[in-house]
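These protein sequences, in sequence, are chains C and H. Per this note's numbering, the first sequence starts with residue 17, numbered consecutively. Per this note's numbering, the second sequence starts with residue 17, numbered consecutively.
Think of the hints as simulated: they come from the structure by calculation, not from any bench. Be careful, since some hints might not be right.
The list treats identical chains as interchangeable, and a pair is accepted whether it falls inside one copy or across any two copies.
Unchecked claim - List time: in silico SDA-like cross-link candidates among lysine to any residue, alpha-carbon distance up to 20 Å:
id, residue 1, residue 2
1, 75, 160
2, 226, 170
3, 226, 211
4, 167, 111
5, 75, 250
6, 167, 156
7, 218, 244
There are 2 protein chains.
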Amino acid sequence: MSKHLAILAGSGDLPQILAAHCPDALFVSFAGVPVTVPQGQAHFAASFEQIGALFEALKSAGITDLVFAGAMQRPALNPAKFDAQMLGLAPRLLAAMGQGDDALLREVAAVFEEQGFALKAAHAVVPALLMQSGEHIGPDPTAQEERDCAKGLEILAALSPLDVGQAVVLSGGQVLGIETLQGTDSMLAYVADTPPQLRRGKGVLIKAPKQGQDLRFDVPSIGADTIHAAARAGLAGVYIRAGSVNVLHRDAAEQALQETGLFLRAL
Amino acid sequence: MSKHLAILAGSGDLPQILAAHCPDALFVSFAGVPVTVPQGQAHFAASFEQIGALFEALKSAGITDLVFAGAMQRPALNPAKFDAQMLGLAPRLLAAMGQGDDALLREVAAVFEEQGFALKAAHAVVPALLMQSGEHIGPDPTAQEERDCAKGLEILAALSPLDVGQAVVLSGGQVLGIETLQGTDSMLAYVADTPPQLRRGKGVLIKAPKQGQDLRFDVPSIGADTIHAAARAGLAGVYIRAGSVNVLHRDAAEQALQETGLFLRAL
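Pulled out of the complex, with its shape left as it was, chain C reads as follows (with noise of 0.2 Å):
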C-alpha cells in the first residue's frame, strides 16, 4: 500500500520515522522547510506557491494517500510565483489564516481532500508511535502527581477552545508553565529556570492535542529530548493521552527514561 502513499515532510524526526517504515512511499519536500530526504527514496521537491504542480506529480506518481509529518512553520510565500491553482486557493487560505492555526490546517486538508487524497495519520501508518490507555514505563506517580495531572488536564480542557495550550507543568498544585507559541521544550526551559523557593516538590508535565484537532495531520509529539528537557525541569514524569500523542523513537525514549528515572504514562 504504501506505494501509493506520499509523506509531505515538515520539520523535525517524523518525515524520517515514516521513510524508514515505509521506504517505498514518495517523500515530498517543500522550498523554505530544511528536511533530508532519506538517502534511496523517491522524492519531490514542492513549493507552497506551486501547489498545482505538486497535485500533477502526487496523481501521476499513483499516489493515493498522504500524510502529514511533522512541524511547518508558516512559510514566506511569493504570490508572484503562485500558479493557477493557488491563485484560486489562496483567498480560501488567506481567510482560514486569520482564524488560527487549526482553522488553517483544516482548510489545508480540505484542499488535499477535494483533490481526491485520502488523509492518513502517521498512527495509521506506524502504529508503534502511539501509546494505549494505562501503558505506563518507569516509575509509580504519587497521589500528589494524580491530582496535579488532572488540574493539568482541566486547564487544557479549559483552553483548547481559545486553540492554545497542549502541554502544561504542575508541580504541587501550582501551575509553572502553560504552552504557548514557543512549544514544548522551550516552556520546559522556563520552568527549569524556576526559583527553587517557588517550587513544592518536583512536578509534572501533561501534554495532550487540543479539543478538535485533527490527528490525521497535527498530532503532539514527544521523545528522548521531551524526556531530557523535562528532567532538567526537575520534574518527576510526564503523563501522555493515550493514543493522540505521538512518541518518536520508543527505544530512544525509553533509554532516556531510564537515564533520567523519570516516568512516563498514557491516560
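Chain C is fixed; fit chain H onto it per the hints.
Same frame as chain C, now just chain H:
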C-alpha cells in the same frame, strides 16, 4: 481615619506607597517577609506563628481597619512556635492551603474579619492607584492589538476558575505567554526571548484579576518596571482591567510609557 488603620506589609512597593499616604497608620511586618519600615512610622513586628499576639497588638493600638499590601510568599512555619490562637486556626488554614492560593487568602481574610477588623482594599485607601475605564496614555492601539486584547481576555476568563492566569501576551492573534506562578515580569522575560521568526508584529500584555479574586487584599499591580519589561519583550502596549489593577507610582509609570513609546489602556 488612618490612625485606626494597620498596613500588613508584604513585599513590593505597595506597603511603602500606602505608608507614605497614611503616615499615622500602624505598619506591620512579618518575620521572614523582608520589608523596609518607613522612617518615623509606628511599627509592629509580627510573626505568622504568633497570630494571637498580632490580634492583641492591633486591638490595643485601637486598629479597626486593615489593608493587606504587597505579595507574601507562603512562609515556612514552625509549629513549635505557634501560640494558642494559631494552634486553633492552623487546621483551617492548612485545609484551605490544599485548595490553592485563592482559598488560603479567603480563609486568612475570614480569620481577621472574625476578630472584628474591616479589610480595606489598597485602592480604597489610595484611590489614585486605580485607572478608570477608558483612561488611556500613549499612542492608540491598532485594530489587531484590540483583537489581541479581546482574545487575551477570553483566555484569562477561561483560566480564571482554575486559579491561574492574571496576565497574558498576544501578538498577531498568537499567544506568546500565559502567566503562571513565576509572575508577570518572568513571563515578559520569556516573551522577550521568543525567536523573532515565530513572531508576527509587536503584541500586547493584558492584565486582569482572576474571577472571584478578593480585591480587598489581592490586587494585581503594574508599575514602571512592568512597562520597561513589556518594552524589552517588544510589545506595543499594556491593557489593564479598570478598577481592579493597581498602577504603582503613577508618575514613574507615565514616564516609562513616555520613554518606551508604549500605550497603557484601562478597560
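Structure-based check of all given hints:
1. Proximity of residue 75 to residue 160 under the C-alpha cut-off of 20 Å is found in neither arrangement, the shortest distances being 54 Å within a copy and 41 Å between copies.
2. With identical chains, the CA atoms of residue 226 and residue 170 are at most 20 Å apart both within one copy (12 Å) and between copies (16 Å).
3. For a Cα distance limit of 20 Å, the shortest separation of residue 226 from residue 211 qualifies neither inside one copy, at 30 Å, nor across copies, at 24 Å.
4. When the C-alpha separation of residue 167 and residue 111 is checked against a cutoff of 20 Å, the pair qualifies only between copies, where the shortest distance is 18 Å, while the shortest distance within a copy is 35 Å.
5. Taking the shortest Cα distances, residue 75 and residue 250 never come within 20 Å of each other, neither inside one copy (50 Å) nor across copies (46 Å).
6. With identical chains, the CA atoms of residue 167 and residue 156 are at most 20 Å apart within one copy only, with a shortest distance of 18 Å there and 39 Å across copies.
7. In this homomeric assembly, residue 218 and residue 244 come within 20 Å of each other (Cα to Cα) only inside a single copy, at 14 Å, whereas the closest approach across copies is 32 Å.
Hints 1, 3, 5 from the earlier list are contradicted by this structure; the remaining hints agree with it.
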